[in-house]
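Here the protein sequences line up with chains A and B, keeping their order. Take the first sequence: its letters are residues 200 to 553, numbered as in our numbering. Take the second sequence: its letters are residues 1092 to 1201, numbered as in our numbering.
Hints are supplied without guarantee of correctness; some may be wrong.
Derived Cβ-Cβ restraints for the label pairs, each shown as a range [as the list claims (entries may be wrong)]:
id, chain 1, residue 1, chain 2, residue 2, range
1, B, M1092, A, A518, 30 to 36 Å
2, B, M1092, A, V280, 39 to 45 Å
3, B, E1143, A, V280, 31 to 37 Å
4, B, N1195, A, A518, 55 to 61 Å
Residues of chain A placed beyond 12 Å of chain B at every Cβ, according to the derived structure [claimed, not checked]:
id, residue
5, F246
6, K296
7, G374
8, G418
9, D465
10, M545
No lab work stands behind these hints: they were computed from the structure. Ideal Cβ positions, reconstructed from N, Cα and C, are used throughout, including at glycine.
Here is how the chains run, residue by residue.
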Amino acid sequence: MSAAAEAAFFGAKVMIVDSDLRLGGQLIKQTHKFFGSAFERAGTRGFVISDMLLDELKGYGDRVETYTNCTALGYYKDDGVVSCMEGEENYFKVLPKKILVATGAQERLIPFPNNDLPGVYGAGAVQTLMNVYGVVPGKRILMVGAGNIGLIVSYQLLQAGVEVAAIVEAMPRIGGYWVHAAKVRRLGVPILLEHSIKEALGKDVVEGAIIQQISPGCGFIGEEIHVDCDVICMAVGLNPTCELLWQAGCEMKYIPQLCGHVAIRDRSMRTTNPNVWVAGDAAGIEEASSAMVEGRIAGLSMAHELGYVEDKEYREKSALYWERLNALRNGEASAKIREGIAQVLMESSGGMER
Amino acid sequence: MELIREHPVLEFRHGRLVKFTFEGREMEGFEGEPIAMALHANGIRVYRETPEMKRPRGFFCAIGKCSSCFMVVDGVPNVRTCITPLKEGMRIEVQRGKGKIKLNHEGDPK
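Bound conformation, chain B alone (with noise of 0.2 Å):
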């Protein structure tokens, strides 16, 4: 991963380091912190391709309030990667287009 190791003002105190899937590969990343900053370290800079010109996009504002770094987390789409904390084993998949929201089971109409 790609993190500062000397800082003259910061100590960066990371959490449990944990594993997690980017597009079916293996990665490792720090509990608790964002998804898009998990990625970031590993050197990936594409979350997703928009629906009309099927441009790459990574993240912008990183404060969750642009909508640029959507993607699919365990299979829900326009997740907040920039606000949304990686968790153990989470599959995280780059968004293309849309996304389509997962309908709620047969019997379970809530």
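Bound-form chain A, shown alone (with noise of 0.2 Å):
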């Protein structure tokens, strides 16, 4: 949404295509304030950022044409053709002059015997039941992980009137701020460090879960404690989804730091393919508002490409840009995005961007 808000503006047609009923990706089901500066609209709701989002592009009439429910399938090499498929059977093609894959991530799993039973569900798709459509997840929820998104979605349910039993984390410290911990914390739900999920119980649904101590070597010790819960609800990280990335030949990186495969990207986040670019947690996991910020950069850089923006404007529209992004990865947290970010950033081939 940022990207096409940033190109519009500029004068580029641009099409949006999105698999969920609405846009918005995960904004529209964080109900919390976010972090950051001003410019990244700090202390603001997630879901009213996507809002704001919306009415941009509004703006924009007939610049931005929008399609949900519609999945990009597939990236034709040979001539750039996207095939994209409306609801489960309506298939047409698309040949963009230049693309941007902003496809997100998805939820990890982690292995543990019965962990495909219905009620251990990502944290994402339990935000979407209760924040998106009030629909009430379960009695009692065990969170497997103690990052941002397990903290912040414990709070959540705590705030739809659920119960959470316990959050468990492997790792010996609570990966998420401090502040979101200290939340749950004082409302009374544990946060067992050093502590798994072993098993998850029940026939046909999640009727209880094991959960137990890890020793340092990551083998289970200690006794077993049972869990009653109807929901496992697992916050064990995302993977960037990026299939569209690899069809286009774009050259990729494992990089464990953006957790998982992602592309070799320049300072304007276009991709080794010249009509590809990339921004969001597809570029590699982090946060929604540097994601934000990436895609004003990739939309900018777009517009560009395409002849609607002056080379001096673009200039100093990208360093604006990168001023920020710098600002939102010069934390202590940010440590790890740094040195992922680093691994995958080549020079730009035409030297514009500084």
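Take each chain as given, in its own frame, and dock them per the hints.
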């Protein structure tokens, strides 16, 4: 949405294809207020940011065309055609001049017996249920993972009136921000470090779980603890969704700090396929704030390539966005991100960006 | 339906209430909301049965990426119910195995 808004601002025509029923990606399920500076709309709740972006896009009228419940299925390298599917059965083809892959991420699952039982849900799925559609996810939840997502979703569950039995975290420390951890601790939810799920219980659906302490060598030690729960919420990380980038022949690299295979890109977020750009979690798992700035950079660059932006303005605006991006990645918590980005950022071919 | 009645931050605006069937049983849900969410609100957790091990599956990612919530909807198999909007009168069935894809009618070999 950020890239579309940026490109449309300069006069480019944009077609947005999104597999979900509405635009906004994961923002529509974020009820917490964002960090960062005023630029990134700090202090604003995620779903409100999504509404603001939607309004911005509406301002460009026909220049931005939107297809929801529409999945981009394949990129055909020979001619650059993208095949799309509206709903489950209506196929059509598009030939865009430039393409941005902002496909986000998908939830990870860890191995344990019965991890396929109904009721073992990704954290994003639980958010969709309760924050987007107002459906009670379950009676009592076991949260697996104490990173930001595990902590935030636990708090959101409590807000929705759902009991959280415990948060288990295999690492010896809390991965998310302390402010989020403190909120759930104050409400009495135990965060069990060096603990993980050993098994999900139940025949047709989740009826409970066994958790246990983990030794430094990653084996289970101590006594098994039985947890009464009907939903096991997995917040154990994300992988970039990058199939289209592979299909487009973009040079890819496995970067653990960015949580999977990501495209090599230059400072304009352009990949090694000159017609393909990448932004957001698809470019490496990070945060929504930086995803939005990356989108702006990509949209600006695509519009520039199409001749809609003067060189001078392009250079100035690009520098401004990079300043914001660097500021967002400046903190101690972003050390990993900085390491990851350093491994995939290539010198720009045109030397325009700096 | 198991819906959140009170929330400190969110206000839920649902659409029109419509009737649909799940395994022949009549249920109610909100038009335009994903089938998977409507089923969950009706207490349904098992959406399909795996082809080999015959294990029950529900949804997992709820964003159309993981294939866990495939069901048969109005006779069409492999429907991603987490991102397919509910419509009045939909026939929704548990998908057992791979599902059969309907062939085109005779004289309509498109």
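Hints, one by one, checked against the model:
no.	hint	result
1	B/M1092 to A/A518: 30 to 36 Å	52 Å, violated
2	B/M1092 to A/V280: 39 to 45 Å	43 Å, holds
3	B/E1143 to A/V280: 31 to 37 Å	35 Å, holds
4	B/N1195 to A/A518: 55 to 61 Å	56 Å, holds
5	F246	8 Å, violated
6	K296	27 Å, holds
7	G374	21 Å, holds
8	G418	27 Å, holds
9	D465	28 Å, holds
10	M545	28 Å, holds
Comparing the model with each numbered hint stated earlier shows that hints 1 and 5 do not hold.
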